[in-house]
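Trainee: As a plain string of letters, each chain reads:
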Amino acid sequence: MEHVELFFKSIFIDNMVFATFLGMCSYLAVSKKVSTAVGLGAAVIFVLAITVPLNWLLDQYILQPGALTWLGPEFAEYDLSFLSFIMFIATIATMVQLVEIVVEKFSPSLYNSLGIFLPLIAVNCAILGGSLFMQSREIASLGLALNYGISSGIGWFLAILAIAAIREKIRYSSVPAPLRGLGITFIITGLMAIGFMSFGGMLTGGDEVAKKEDTTVKVEEKIELSEEEKVLADNLNKVSE
Amino acid sequence: MGLLSKKDAALITDPLADNNPITIQVLGICSALAITAQLKASIVMAISVLFVMGVGNVVISAIRNIIPSKIRIIVQLTVVAALVIIVDQVLKAFAYELSKELSVFVGLIITNCIIMGRFEAFALGNGLWRSFLDGIGNALGYGVILIIVGFFRELLGSGTLLGIPVLGDPIAKTGLYSIGYENNGFMLLSPMALIVVGIIIWVQRTRNKALIED
Numbered sequence: 670m671e672h673v674e675l676f677f678k679s680i681f682i683d684n685m686v687f688a689t690f691l692g693m694c695s696y697l698a699v700s701k702k703v704s705t706a707v708g709l710g711a712a713v714i715f716v717l718a719i720t721v722p723l724n725w726l727l728d729q730y731i732l733q734p735g736a737l738t739w740l741g742p743e744f745a746e747y748d749l750s751f752l753s754f755i756m757f758i759a760t761i762a763t764m765v766q767l768v769e770i771v772v773e774k775f776s777p778s779l780y781n782s783l784g785i786f787l788p789l790i791a792v793n794c795a796i797l798g799g800s801l802f803m804q805s806r807e808i809a810s811l812g813l814a815l816n817y818g819i820s821s822g823i824g825w826f827l828a829i830l831a832i833a834a835i836r837e838k839i840r841y842s843s844v845p846a847p848l849r850g851l852g853i854t855f856i857i858t859g860l861m862a863i864g865f866m867s868f869g870g871m872l873t874g875g876d877e878v879a880k881k882e883d884t885t886v887k888v889e890e891k892i893e894l895s896e897e898e899k900v901l902a903d904n905l906n907k908v909s910e
Numbered sequence: 017m018g019l020l021s022k023k024d025a026a027l028i029t030d031p032l033a034d035n036n037p038i039t040i041q042v043l044g045i046c047s048a049l050a051i052t053a054q055l056k057a058s059i060v061m062a063i064s065v066l067f068v069m070g071v072g073n074v075v076i077s078a079i080r081n082i083i084p085s086k087i088r089i090i091v092q093l094t095v096v097a098a099l100v101i102i103v104d105q106v107l108k109a110f111a112y113e114l115s116k117e118l119s120v121f122v123g124l125i126i127t128n129c130i131i132m133g134r135f136e137a138f139a140l141g142n143g144l145w146r147s148f149l150d151g152i153g154n155a156l157g158y159g160v161i162l163i164i165v166g167f168f169r170e171l172l173g174s175g176t177l178l179g180i181p182v183l184g185d186p187i188a189k190t191g192l193y194s195i196g197y198e199n200n201g202f203m204l205l206s207p208m209a210l211i212v213v214g215i216i217i218w219v220q221r222t223r224n225k226a227l228i229e230d
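So the sequences go chain by chain: A and B.
Residues 670 to 910 (the numbering used here) are what the first sequence spells out, left to right.
Residues 17 to 230 (the numbering used here) are what the second sequence spells out, left to right.
These are calculated hints, taken from the structure and not from any lab test.
Backbone N, C-alpha and C fix where the C-beta goes; we use that ideal spot for every residue, glycine too.
You may find that some hints are simply not true.
[Said to hold, decoys possible] Think about it this way: if two alpha-carbon atoms lie no more than 30 Å apart in a straight line, the pair counts; the simulated BS3-like pairs of lysine-lysine are: (1) A:701 x B:56; (2) A:838 x A:702; (3) A:678 x B:116.
[As the list claims (entries may be wrong)] Coverage of chain A stretches by chain B, computed from C-beta distances (three or more under 8 Å per stretch; other residues unrestricted): (4) 686–696; (5) 707–718.
[Stated by the list, open to error] So the derived label-pair ranges between C-beta atoms look like this: (6) A:763 x B:110: 27 to 37 Å; (7) B:102 x A:781: 39 to 49 Å; (8) B:178 x A:907: 50 to 60 Å; (9) A:779 x B:82: 57 to 67 Å; (10) A:842 x B:84: 41 to 51 Å; (11) A:749 x B:113: 23 to 33 Å; (12) B:116 x A:704: 11 to 21 Å; (13) B:109 x A:907: 32 to 42 Å; (14) A:903 x B:63: 30 to 40 Å; (15) B:110 x A:703: 40 to 50 Å; (16) A:702 x B:23: 32 to 42 Å.
Turn these sequences into a full structure, and let the hints guide you.
Mentor: What follows is the structure in structure tokens.
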């Protein structure tokens, strides 16, 4: 259920293009023809599905405060989260390069359709944005991270496919000359984004339940902490006596 | 502008209007749209990009003859990422509330295509001083659009500028509100950013016919 909810949430409610404007540059530049849009969209799904889980592992075992405990108890104090940007972008850039080499070797036909788009993708904000949102939304497990990568990629794919189809058709209508091209694309995207906002009400019930659970857990943690503190204080008193 | 030759001055003034990174070159749209619901966030974003672009262009220009061309994208990303970490840490230290509001979009300056685009198109082939001017010019052009969008969205959406009410009090019905004016809450939602930028493009191209696309 958790997976289904995250899946639909990332595709429709938190759609990368319409809700958070990620990857707008390539969305505007490569959406003139449906066929190229499909190629880029597929490449984005592919790369997101690889980099988000990978960065989740990095975040969990290296970057988070206390994540280095597996190296030994003396590392528990370290907080490397300020390095996230550089770690994530390095992972993305190397993965994109690696994927390009592997795809070229094993599947020349896939390489021919995705090939020219792969280098573009390293600097696509949708990819880095996927990893950063994964970090800030505190996605709980590797499976969910994989799910999040794939589903937000599908959301981006849908968006670029829709705008490419509209742009192919809009050539036949008489748009005011100064609005032609870029201007009208912006306005259409705005209207589509308003349409996508209507998905917002789809999953609200689940959110409220989750929030309630969160708060109860927090209260329990606080009680435990205060008990520990009491014990510590007692010990201190004994020592001072 | 006695300090700058005519050619150098053009590097700064061109991106402000006729070669604007957002409306003409179509670079760096993501961050321009996502954080412009308030003027303050727009200004902070513009300043951050100004810093990253100015310094980044100089660094890339300084090491342009050492970078092997095959791995230049990774080198560029590393330089930008280091600069953005500085911006992020400074924001967290001095403007914590604001940095929460900007959330991941500070990090996304790394993949802001203006920065990569200018590195590729300019800093890799030009000297230090000219690269610096180009960086500043493009960041200013980006900032201008950001501030215009932020200005209208905050003014029409919540009736304030930089958090200060300028149109009167909507609850006590003073100022403009006394004659029946209402805030347009729609301006605060993300789709309106796209439409405002669309309108800016419309106005700009109506004034300058040479920019019209076929």
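Trainee: Any of the earlier hints contradicted here, and which numbers?
Mentor: 1, 5, 9, 12 and 14
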